[in-house]
Amino acid sequence: MHGKRRGLKTKAVHLARLEENLLRGTPATDAVKQYAADSGIGERMGWHDLGLLKKQWADRATAARGSAEEAGRAVARRELLFAEALAAGDLATALAADQDRCRLLSLYATGTCRATSEPGSSGVAADE
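In numbering that gives the first Met the number 0, the protein residues as written are 0 to 127.
No lab work stands behind these hints, which were simulated from the structure alone. Quick reminder that beta carbons are idealized off the backbone N, C-alpha and C, glycines included. Be a bit skeptical, because a hint or two may be false.
[Said to hold, decoys possible] Dumping the calculated DSS-like pairs for lysine-lysine here, alpha-carbon to alpha-carbon at most 27 angstroms:
| id | residue 1 | residue 2 |
| --- | --- | --- |
| 1 | Lys54 | Lys32 |
| 2 | Lys32 | Lys10 |
| 3 | Lys8 | Lys53 |
[To be verified] Derived Cβ-Cβ restraints for the label pairs, each shown as a range:
| id | residue 1 | residue 2 | range |
| --- | --- | --- | --- |
| 4 | Gln55 | Ala75 | 46 to 56 angstroms |
| 5 | Asp58 | Gln98 | 26 to 36 angstroms |
| 6 | Ala70 | Leu90 | 19 to 29 angstroms |
| 7 | Asp29 | Gln55 | 18 to 28 angstroms |
| 8 | Ala73 | Leu51 | 29 to 39 angstroms |
Can you make the complete structure from the sequences, with help from the hints?
Structure follows, in structure tokens:
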């Protein structure tokens, strides 16, 4: 298969195998040699693909860090809105801002809760 072009799907499958070997703790040299032999490509192309894989990892880490930073800024905006609304005496806006902040921080359970007035109940019922 040396000298032949791989299709994008084939390359994606090959890269997934290389990534799996690396995540299992296989040293990079051994992983690339095995990857090249299994994929029918030269070792030089294996090292090139390892570089592509590392770039993908870096891009994913950057995207995750960016979304975490954006979530942090959104929480900070809700906290500021909460403080301003509370200072102005606008309790409805303060409550809405705090509930939104709690949703952003994933503090609520996946189901919803509602108040009940049934005798003998705790006063709260959870919906799934």
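These are the hints, each one checked on the structure:
{"no.": "1", "hint": "Lys54 - Lys32", "result": "holds, 20 angstroms"}
{"no.": "2", "hint": "Lys32 - Lys10", "result": "holds, 16 angstroms"}
{"no.": "3", "hint": "Lys8 - Lys53", "result": "holds, 19 angstroms"}
{"no.": "4", "hint": "Gln55 - Ala75: 46 to 56 angstroms", "result": "violated, 31 angstroms"}
{"no.": "5", "hint": "Asp58 - Gln98: 26 to 36 angstroms", "result": "holds, 34 angstroms"}
{"no.": "6", "hint": "Ala70 - Leu90: 19 to 29 angstroms", "result": "holds, 26 angstroms"}
{"no.": "7", "hint": "Asp29 - Gln55: 18 to 28 angstroms", "result": "holds, 20 angstroms"}
{"no.": "8", "hint": "Ala73 - Leu51: 29 to 39 angstroms", "result": "holds, 33 angstroms"}
In terms of the numbered hints stated before, the structure departs from hint 4 and from no other.
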